[in-house]
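**Student:** Chains as they are written, first to last, in the working numbering: chain A, 1 to 159; chain B, 1 to 159; chain C, 1 to 159.
Simulated pairs of lysine to aspartate or glutamate, DMTMM-like, Cα-Cα distance not exceeding 25 Å: (1) Lys116/A x Glu151/C; (2) Lys111/A x Glu139/A; (3) Lys5/B x Glu139/B; (4) Lys116/A x Asp105/A; (5) Lys6/B x Glu151/C; (6) Lys5/B x Glu35/A; (7) Lys89/A x Asp57/C; (8) Lys5/C x Glu151/B; (9) Lys6/B x Glu3/C; (10) Lys92/B x Asp125/A; (11) Lys89/C x Asp125/B; (12) Lys116/A x Asp152/C.
Calculated directly from the structure, the hints in this document are not laboratory data. All values derive from a computational prediction rather than experimental measurement.
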Amino acid sequence: MGETKKTTIVLFSGDYDKVMAAYIIANGAAAYDHEVTIFHTFWGLNALRKDEPIQADKNFIEKMFGWMMPRGANKMGLSKMNFAGFGPKMIKDVMKKHNAMPLPDLIELAKEQDVKLVACQMTVDLLGLRQEEIMDGVEFAGVAAYLADAEDGNVNLFI
Amino acid sequence: MGETKKTTIVLFSGDYDKVMAAYIIANGAAAYDHEVTIFHTFWGLNALRKDEPIQADKNFIEKMFGWMMPRGANKMGLSKMNFAGFGPKMIKDVMKKHNAMPLPDLIELAKEQDVKLVACQMTVDLLGLRQEEIMDGVEFAGVAAYLADAEDGNVNLFI
Amino acid sequence: MGETKKTTIVLFSGDYDKVMAAYIIANGAAAYDHEVTIFHTFWGLNALRKDEPIQADKNFIEKMFGWMMPRGANKMGLSKMNFAGFGPKMIKDVMKKHNAMPLPDLIELAKEQDVKLVACQMTVDLLGLRQEEIMDGVEFAGVAAYLADAEDGNVNLFI
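Work out the full structure, taking the sequences as your base and the hints as a guide.
**Tutor:** Structure (structure tokens):
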């Protein structure tokens, strides 16, 4: 019969290593024909930001959040041993040497595999992000949509 | 037939933003008629502390834990960009501006929606907290009670 | 009838307190006859390292990771209030006073209860760890093996 399995991840973290873990699990699950959703909330939202600065009309606090948060996955720090940005460089060098996919490629792969990427609308509003700052192909939704996916899920994770 | 769905969250973190995420998911799930439990362990226990100091007979180490840990959700720091307490202020200002519920209100709402709030007895003992330091309406239980809730759960998260 | 319940934990964190939470849940679940797997990835892998230094032929970056990461659970720091290593000492003292099991004993107990301990092969390679640096009785596997366990799981957690 084969009912489809479902994997639903809340990606709260904005650390390079944790985002990488989320996307590796998501891509693995998609490869095994799971229906996969990543719900990006709080700092995890930064994984979906375009890496060029976008002109937008923002107030002072929104500008501050915009400056201080990393623009896109590639600019994120590590959860451990970040060493002012040296840690991510070490990890990226090592990944390159082992032919492991860097994070932006993992995100691209997830899109190609039809992983549903969702941005938490409440966080977008709170942090003053604009829709045009978020990469294409992302849906905007709230906790109700997350729960609708998660409540029938086989693998539910909060990362 | 409509069997009741279950959401069970282990709240380990004592960061304002993560606790907020936990309570937003919990309140959402309760609104969708899930049976919801939040099991507060380690630093997550601090979300349940009363915000006034409570007189209690404690030894030196217990007093130190008591002083160093935040008394209640409102005094917690952020997991990222805490900036010596300025980050939480920014977040709270922004939430107010967007009419988002501050964390203490989210906890009150959870109680009103009959979300079961559990304090991990082992952590209470380890950190030397006293039952009178914990807000009313909280159950005290251990990992066995958590597993009994979680093993039939639809949405299980560790935050 | 009694179909076996399953608990599957991704242990990403290398913090003493979080690793302890993972093993307490795992041991509890095993005591309730769950089939339990802990999949150690990224910093969580350090919980499985032998505590003596192992001679191995490594390049410079691999040596740096080897030096900087804790050798075994007992050398890990706390996720909060680490205070340059004083925090873990406080926690360990308090656990001793309450006759709570220290982390290395929790790991031993997990082995005795047949909790399946898995080391993420990709992380082992990336961090340049050698199989002889990992404690005995550990399996090496990838995200596919994790998903096979998790997709039928009752309790799935990312810690």
